[in-house]
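Residue numbers (the numbering used here), protein chains in the order written: chain A, 1 to 357; chain B, 1 to 357; chain C, 1 to 357.
Bear in mind the hints are in silico, worked out from the structure with no lab data behind them.
Incorrect hints may have been included.
No copy labels: a pair is met if it fits in one copy or bridges any two.
In the BS3-like style, the derived pairs of lysine-lysine whose C-alpha atoms are separated by at most 25 Å in a straight line are [stated by the list, open to error]: (1) 166 / 130; (2) 55 / 4; (3) 63 / 49; (4) 46 / 24; (5) 49 / 338; (6) 166 / 46; (7) 195 / 95.
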Amino acid sequence: MTTKTLGELAQYVGGRVLGDANIKIRSAATLGRAGEGDISFLSNDKYEKQLLTTKASAVIVGKETVAAGAVPLLVAEDPYYAFMQIMVLLHGHRKHKKIGISPRAIISDSAKVGAGCQIHDFVTISDGAKIGDGCVIYPCTFIGENVQVGNDCILYPNVVIYEGCKIGSRVIINSNATIGEDGFGFATHNGAHHKIPQIGSVVIEDDVEIGACCGIERGTLNDTIIGQGSKLGDLIAIGHGTKVGPHCLLVAQVGIAGSTTLGHHCILGGQAGLVGHITIGNCVAIGAQAGVINNVSDGKVILGAPAIDASQGKRAYGMIQYLPEMKQSIRELQAQMKQLLSGGENEPSPEDSKNSG
Amino acid sequence: MTTKTLGELAQYVGGRVLGDANIKIRSAATLGRAGEGDISFLSNDKYEKQLLTTKASAVIVGKETVAAGAVPLLVAEDPYYAFMQIMVLLHGHRKHKKIGISPRAIISDSAKVGAGCQIHDFVTISDGAKIGDGCVIYPCTFIGENVQVGNDCILYPNVVIYEGCKIGSRVIINSNATIGEDGFGFATHNGAHHKIPQIGSVVIEDDVEIGACCGIERGTLNDTIIGQGSKLGDLIAIGHGTKVGPHCLLVAQVGIAGSTTLGHHCILGGQAGLVGHITIGNCVAIGAQAGVINNVSDGKVILGAPAIDASQGKRAYGMIQYLPEMKQSIRELQAQMKQLLSGGENEPSPEDSKNSG
Amino acid sequence: MTTKTLGELAQYVGGRVLGDANIKIRSAATLGRAGEGDISFLSNDKYEKQLLTTKASAVIVGKETVAAGAVPLLVAEDPYYAFMQIMVLLHGHRKHKKIGISPRAIISDSAKVGAGCQIHDFVTISDGAKIGDGCVIYPCTFIGENVQVGNDCILYPNVVIYEGCKIGSRVIINSNATIGEDGFGFATHNGAHHKIPQIGSVVIEDDVEIGACCGIERGTLNDTIIGQGSKLGDLIAIGHGTKVGPHCLLVAQVGIAGSTTLGHHCILGGQAGLVGHITIGNCVAIGAQAGVINNVSDGKVILGAPAIDASQGKRAYGMIQYLPEMKQSIRELQAQMKQLLSGGENEPSPEDSKNSG
């Protein structure tokens, strides 16, 4: 752990200090839990009042108008990004012990392992696999035949990568994730399901992170692709031949069926499900638990199952609770209408009225 | 397997026998499948008729009014709890082979392993980790640096616990579960997602059971907590910094996003999803597949996506199927109304009528 | 990789050629990506136009009317099945290296391993387990006590099978799947959840495939059964005592609670959830994300949460988006009705009219 002054932090993130720049910062904490030596940050204006009571030594904010004087402030253009920079500066990312190549790892003679790798006990690296420089491979992880892994990747314990998959550089794969298992492809004939060889592979581009217990199927004919810089949460299922564009965020438990294509910078909420063979544009945001069954064009924000435009969807799905009273209203209207109409029939017509006049 | 008389069982669970107390019981089975020597139980009054046909040697019931005479009954105040007690008495919980500490487990010199532990082959216990007494750790399980595990825990094969997590006593973690992977925390800046160091940890309190293939993220700043006595089913995803209170039941495939807090004795149905940063009270029941996007107060029963009070929700969601006919009814009403109103315009007004009179 | 002429392929699948039967086929590809030497197939009439532009050397089709002349065609009665047969002929299924039994696998003296098995490093085969002939067990897979595995099974890395489970022949289990963990069964008494011993097991019948990261619970009293020829995608959770009939297809992330029974040839879409203790008939199709809470009879097609008949369900759920305007229409009708009715009260009755006449 490093200690920095608030002034040093401000300089580091390109922000400026309102208050005592010499105050010492050792760590970070939420507004409610921060104590002396902690920097906190205001993520949401609704917590602004906490600035008056926080015990943090300083708070990162986006604009100086808030609570100046109550606590030293670090004003940054993008406060969450500044928070990230400071977290990295003070704490760094996870350190990986330098253990070199364990004699209890099984590495094929035909596999290549780059310089500076840490290969732990009980790892298997199969024939023809190629691991770049600076990779860390934790115990019981399995690298299949002819798998390619770039530089500076981290594979946590019990990751499995089936044969022939290609992993970029600086990729992180969390524990118990499976990459490249066969796609769910069967030809049903006379009532039996016949397995179709899945000759596609999985390509995970640079700077991707894959969560724990994910399953990313290999493609039937084409590769399944996770685009550069995309981040997948835990327990996500990606179908065969699906392409996730670069810089997407997929929250935990998302499921995408096969042969679907996502553009860049899409955000998928937790438990969202996408059917196969559809195309999602760029910068699309899909709500948690959404069920997406059609193509979606660039920039759309959708939610619900079936998913519809968020501008109407939030209200529409929120209205399901009023269905009983809506149905009751319709029934009342129908009764009233019936009475009116039957009343009309019994009622003398204007002609009658005239005649009777 | 042990054999007991029905009378012994009744004494053990604090119940009483209606019928032959000397009948011998060796095992338990469902009403439909039980045979001689089996005790069964009536879990639901709708199966009461099965008491007349079951081949069970005895049946645990909650009240004596049912089918007395057809089959010997063990009347217990809480029949399901009595069933549990009898199952434990007759069958016991899983026995774990006494294998001591395998020479093929890799245990750091700086790790501590308590008395009476069974540490299987291919286990990794990293630097500074501390395992209590009487723990069973199955093959290929990974214990990260400085992890603390209490007494009498069972970690099934291929469990992964990342560094620094704290596991209580009598905790059971099933296979392929991952504890303490990084929270899904990224600061997006100029279109790229930058990983935020996750300096929180995971705390799993005493008597918790975690299902297979679960993923429990470590917190960004605060710890993720699974409260004492809570039980999690399989394939559950818990977000960073989320706190599950004591004695909760989370059914399989539940997902809870980050920084959400649950009270005690909550029950979450399968596939339910909770957004982040909300507070769920005590004794809340949440239906299967529910989508919870707001705080929920103590004792509420909610269901649906979006989740609403069950008292109205069951009816409201069940009414979606009537939407087409409701829409049709509205259309008809509108047509009738239009006719009425236009008829009204064409119809002579009462004044006209008077005038015409 | 094998090369065949189009005529040879047609003969192999029992189809016939329209065009040059001597053209050489080496592999398969989608219509849009195929090149010289590739055979493609028309899976859906909506892609029929691609037959005119594809660079494939041949295309498998179901009927000859399509685009004859543009590209050589292989006409087959069941084109997807023919595609599967050709994929197997040209590429074969995954080859497994002949490594015999690794000295780094730990096999109990009381376990039996059949002829021609490939048992990889770091595998554990526990006391009393019995593995049939020709099985492949990849690294770090765990076989519990008294587990039975049939012939020609493939267990990918890091699979865990708890004690006593029975696996048929030609079963494939993908990585990080867990079979036979305890069912989610607790008796709640005085606010604490007491674990019920789960004395049932899991039976996986012949020709089943289980996806990555699945969790299949053992039964409390009865066995959990996955029927012959059924195929499960990734990240599926099957509850205790549930019976999946033969030849079912369960897409990724499906969840089925305990004691539910499925017939044969059911198809469950991704993320579908079924409550416990219900019975699903034969040949039932359940839509993605459906929530099934009641018994379903043979041949039904259902969708939505709660699930309803697809014939009305697709329209009904698609109509949620119109709820705001429906509510608005009802409000307008109510206002108009109120006006009409109040107008009626103020309006002289026909009698008045007569009187005034």
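Each hint tested on the structure:
Taking the closest pair of Cα atoms, residue 166 and residue 130 come within 25 Å of each other only inside a single copy of the chain (10 Å); across copies the shortest separation is 36 Å, beyond that limit. Proximity of residue 55 and residue 4 under a CA criterion of 25 Å is satisfied intra-copy only: 18 Å inside one chain copy versus 63 Å between copies. In the homo-oligomer, the alpha carbons of residue 63 and residue 49 lie at most 25 Å apart inside one protomer (15 Å), although the nearest pairing across protomers, at 57 Å, exceeds that limit. Taking CA atoms no more than 25 Å apart as the test, residue 46 paired with residue 24 passes in neither setting, with 27 Å inside one copy and 66 Å between copies.
Taking the shortest alpha-carbon separations for residue 49 and residue 338, neither the intra-copy value of 58 Å nor the inter-copy value of 48 Å comes in at or below 25 Å. Taking the shortest alpha-carbon separations for residue 166 and residue 46, neither the intra-copy value of 44 Å nor the inter-copy value of 33 Å comes in at or below 25 Å. Proximity of residue 195 to residue 95 under the C-alpha cut-off of 25 Å is restricted to the inter-copy arrangement: shortest distance 14 Å between copies versus 43 Å within a copy.
The structure fails to meet hints 4, 5, 6 from the earlier list, while all remaining hints are met.
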